[in-house]
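In order, the protein sequence lines correspond to chains U and W.
Quick note: the first sequence, position 24, residue 24 per the numbering used here, numbers continuous.
Quick note: the second sequence, position 343, residue 343 per the numbering used here, numbers continuous.
Incorrect hints may have been included.
Heads up, the list lumps identical chains together, so a pair's fine if it works in one copy or across two of them.
[To be verified] 27 Å max Cα-Cα, derived DSS-like pairs, lysine-lysine:
no., residue 1, residue 2
1, Lys321, Lys164
2, Lys357, Lys219
3, Lys27, Lys349
4, Lys27, Lys187
5, Lys122, Lys109
6, Lys128, Lys109
7, Lys190, Lys109
8, Lys122, Lys241
9, Lys187, Lys208
10, Lys317, Lys189
11, Lys403, Lys321
12, Lys220, Lys330
13, Lys357, Lys190
14, Lys187, Lys349
Don't read these hints as lab results, they were simulated from the structure.
Protein chains: 2
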Amino acid sequence: MLIVQKFGGTSVGDLDRIQNVANRVQKTVNEGHQVVVVVSAMSGETNKLIAYAEHFSATPSVAEVDMLLSSGERVTASLLSIALNEMGLPSIAMTGRQAGIVTTSRHTKARIENIDPSSMQKAINAGKIVVVAGFQGVNEEGMVTTLGRGGSDLSAVAIAGALKADLCEIYTDVDGIYTTDPRIEPKAKKLERISYEEMLELASLGAKVLQNRSVEMAKKLNVNLVTRSSFSEAEGTLITKEENIMEQPVVSGVALDRNQARVSLVGVTDRPGIAAEIFNALALEEINVDVILQTVAHDGTTNIDFTVPTNELENAKNIVKSFVEKGEIKSSDYNESIAKVSIVGVGMKSHAGVAAKAFSAMAAENINIRMISTSEIKVSMVIEDKYSELAVRALHSAFELDK
Amino acid sequence: MLIVQKFGGTSVGDLDRIQNVANRVQKTVNEGHQVVVVVSAMSGETNKLIAYAEHFSATPSVAEVDMLLSSGERVTASLLSIALNEMGLPSIAMTGRQAGIVTTSRHTKARIENIDPSSMQKAINAGKIVVVAGFQGVNEEGMVTTLGRGGSDLSAVAIAGALKADLCEIYTDVDGIYTTDPRIEPKAKKLERISYEEMLELASLGAKVLQNRSVEMAKKLNVNLVTRSSFSEAEGTLITKEENIMEQPVVSGVALDRNQARVSLVGVTDRPGIAAEIFNALALEEINVDVILQTVAHDGTTNIDFTVPTNELENAKNIVKSFVEKGEIKSSDYNESIAKVSIVGVGMKSHAGVAAKAFSAMAAENINIRMISTSEIKVSMVIEDKYSELAVRALHSAFELDK
Chain U
1 MLIVQKFGGT SVGDLDRIQN VANRVQKTVN EGHQVVVVVS AMSGETNKLI AYAEHFSATP
61 SVAEVDMLLS SGERVTASLL SIALNEMGLP SIAMTGRQAG IVTTSRHTKA RIENIDPSSM
121 QKAINAGKIV VVAGFQGVNE EGMVTTLGRG GSDLSAVAIA GALKADLCEI YTDVDGIYTT
181 DPRIEPKAKK LERISYEEML ELASLGAKVL QNRSVEMAKK LNVNLVTRSS FSEAEGTLIT
241 KEENIMEQPV VSGVALDRNQ ARVSLVGVTD RPGIAAEIFN ALALEEINVD VILQTVAHDG
301 TTNIDFTVPT NELENAKNIV KSFVEKGEIK SSDYNESIAK VSIVGVGMKS HAGVAAKAFS
361 AMAAENINIR MISTSEIKVS MVIEDKYSEL AVRALHSAFE LDK
Chain W
1 MLIVQKFGGT SVGDLDRIQN VANRVQKTVN EGHQVVVVVS AMSGETNKLI AYAEHFSATP
61 SVAEVDMLLS SGERVTASLL SIALNEMGLP SIAMTGRQAG IVTTSRHTKA RIENIDPSSM
121 QKAINAGKIV VVAGFQGVNE EGMVTTLGRG GSDLSAVAIA GALKADLCEI YTDVDGIYTT
181 DPRIEPKAKK LERISYEEML ELASLGAKVL QNRSVEMAKK LNVNLVTRSS FSEAEGTLIT
241 KEENIMEQPV VSGVALDRNQ ARVSLVGVTD RPGIAAEIFN ALALEEINVD VILQTVAHDG
301 TTNIDFTVPT NELENAKNIV KSFVEKGEIK SSDYNESIAK VSIVGVGMKS HAGVAAKAFS
361 AMAAENINIR MISTSEIKVS MVIEDKYSEL AVRALHSAFE LDK
């Protein structure tokens, strides 16, 4: 098999850990596989460089920031390749440019546009391990760019796609995706397989492991993604196409999102298009509205409730205020003490009664559901924040995820 | 004027010093000049990276070492450019590759083959300060290479040549070239101007400032080189073509080289070509033979004396030994307690009696001259090491270099 292995900052956090990564790669090679390694900067290094830049400017010029930050991954890639060569494993270190990664020109937040895998392929064909500096590429003018947060994962997934690799392993300090957060429910079980779609909905469960951007790219490029730990031999979780998952459980996991705030608009003018106006204004400010609930009161006026991420609440308040001032909304109310708990599973599509079962589990614990939103593979419930852990455990148990 | 300014590791040793460099550049820009800046890695950074590499291997793979080390200069270049932009001075950071520097493929010791200055020129024409990461380039396959010791100076000189810059300023912690080592002769004076040829002969006086490689390149590309301090406003020393120096002093400086050892070959076989054989054998081992003296003894046998750098003495001894074993040389003798003191000056060409005056100065101090070697612009004398300082002061005073 051709395997792309990506090691994050913690996995290459010091020289001994880089040696540990080299040993891992050796093991994979000894099992008969071809390996391409993608590495992040040593943990702390990127933050140090950012602090350096901010010493000179609160808003450092972005092209320079990219050249600066890209050096961190190059150091790790060089060192790992030196270690592999020393172990008698022929290896070559490549920068993003050398690996053929071409991106958009948007410095510090570039998107991968194209990968020319010929240099990597040539080295692989020559029996070499290719070690690529993650997180970076060049734009069409040959300027160094970086890919933003989670960028090395994106490098790895895109490289796996371009090389048509059999597997893309993302190594972190977590050994996979769990049915729910084990800090809340110790009975949480590691998932063996999960579909791209479920993973996207369970984002909070993978938050420390994978960004949605990477899962989306894996889905698009049809890359089999594995998240596993660089500190243990445990098998990780395979994120793959729905078809590749034999037994699809009704519910795969329970996710909790405590960073939501509820916005209540009371007495919204009864005029066609007013809701669209409000949500357009929010969208223009890039505020991510999640669950939306519209109700008509006895007096004929409309109330609209919705949730936004807590850190976007202030912006949302300003926009609501402008509608209140124009007399389009009578009054508004805000509540940050809410949480969103969700059950996710592709099996839901073919199973009736999933939502009902979830509501019953909540009722049995006397937890009031304030808002509900559903999709084909998800049921989300907005509840009072203080019931968060209780709700997670109740759902985890109701759907027998601990079995 | 278009000025290339190069700042070494000490000059960019920490963030405050990088800011100090930015202020220097600003001053030059405010004087109406166009500026290209070439920077080294922050002092200590390159050694840290080498130690990292050596953690994994005593002989780390050289392509990887180049990628590793080149990151140091990139960090400095990015930070300086960020600082300049923040000060309202439009600036762009460039890697060696982006600056168009193409080198040979010999990793860690590459030579600059060609510079395509078009990207730099375009940025300069757009009113930008170009900040180039020194010490590095790419070979024809696009792999990162580094230029070895003194590499950033070479980058600066080569860039100045390619851009036909009016001046190439090398900033260090020393404010120029002195008539002799001020630690030996406190009356030493800073030279205002000196020719390339004199500088090459006075290498030991510039040892802490400039490598001969850079002076040779400056000579070849006809680059006006200035060495000056980044920590003071003092004018430096201009190293330029002989024609650009109006008043050519008879003697420009007194150099002292204490790292020489004397090799004495007694009773060398009287056979044509034997001397050539011996010196060829030394050349094959890359031993730099300096002063050579051949004498014929009363009994008709030949003695040959020569000097070699102290650190090459052991190698030289082995070669001599092989000739002794073959019976080509009767015996050998070695002396490490010698020193070579030299007076250098282009004015010597047109002045008679310079050597005589030097010998008189030595005689007046009762210093025995063991060997003599002269060139058009230099008189070197090998003496007992214990007279080193005395000899330097005597010559410095005899040629009125303190005036």
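Here is how each hint holds up against the structure:
1. Lys321 to Lys164: This pair counts as neither: shortest intra-copy Cα distance 52 Å, inter-copy 62 Å.
2. Lys357 to Lys219: So Lys357 and Lys219 fail the 27 Å test inside a copy (30 Å) and across (86 Å) alike.
3. Lys27 to Lys349: Neither: 40 Å inside a copy, 70 Å across copies.
4. Lys27 to Lys187: neither (32 Å within a copy, 67 Å between copies)
5. Lys122 to Lys109: Intra 29 Å, inter 26 Å, cutoff 27 Å: inter-copy only.
6. Lys128 to Lys109: Classified as between; 24 Å across copies, 31 Å inside a copy.
7. Lys190 to Lys109: Answer is neither; intra-copy 32 Å and inter-copy 51 Å both fail.
8. Lys122 to Lys241: Intra 29 Å, inter 49 Å, cutoff 27 Å: neither.
9. Lys187 to Lys208: within (19 Å within a copy, 67 Å between copies)
10. Lys317 to Lys189: This pair counts as neither: shortest intra-copy Cα distance 40 Å, inter-copy 72 Å.
11. Lys403 to Lys321: Classified as neither; 49 Å inside a copy, 82 Å across copies.
12. Lys220 to Lys330: neither (45 Å within a copy, 82 Å between copies)
13. Lys357 to Lys190: within (23 Å within a copy, 90 Å between copies)
14. Lys187 to Lys349: within (26 Å within a copy, 93 Å between copies)
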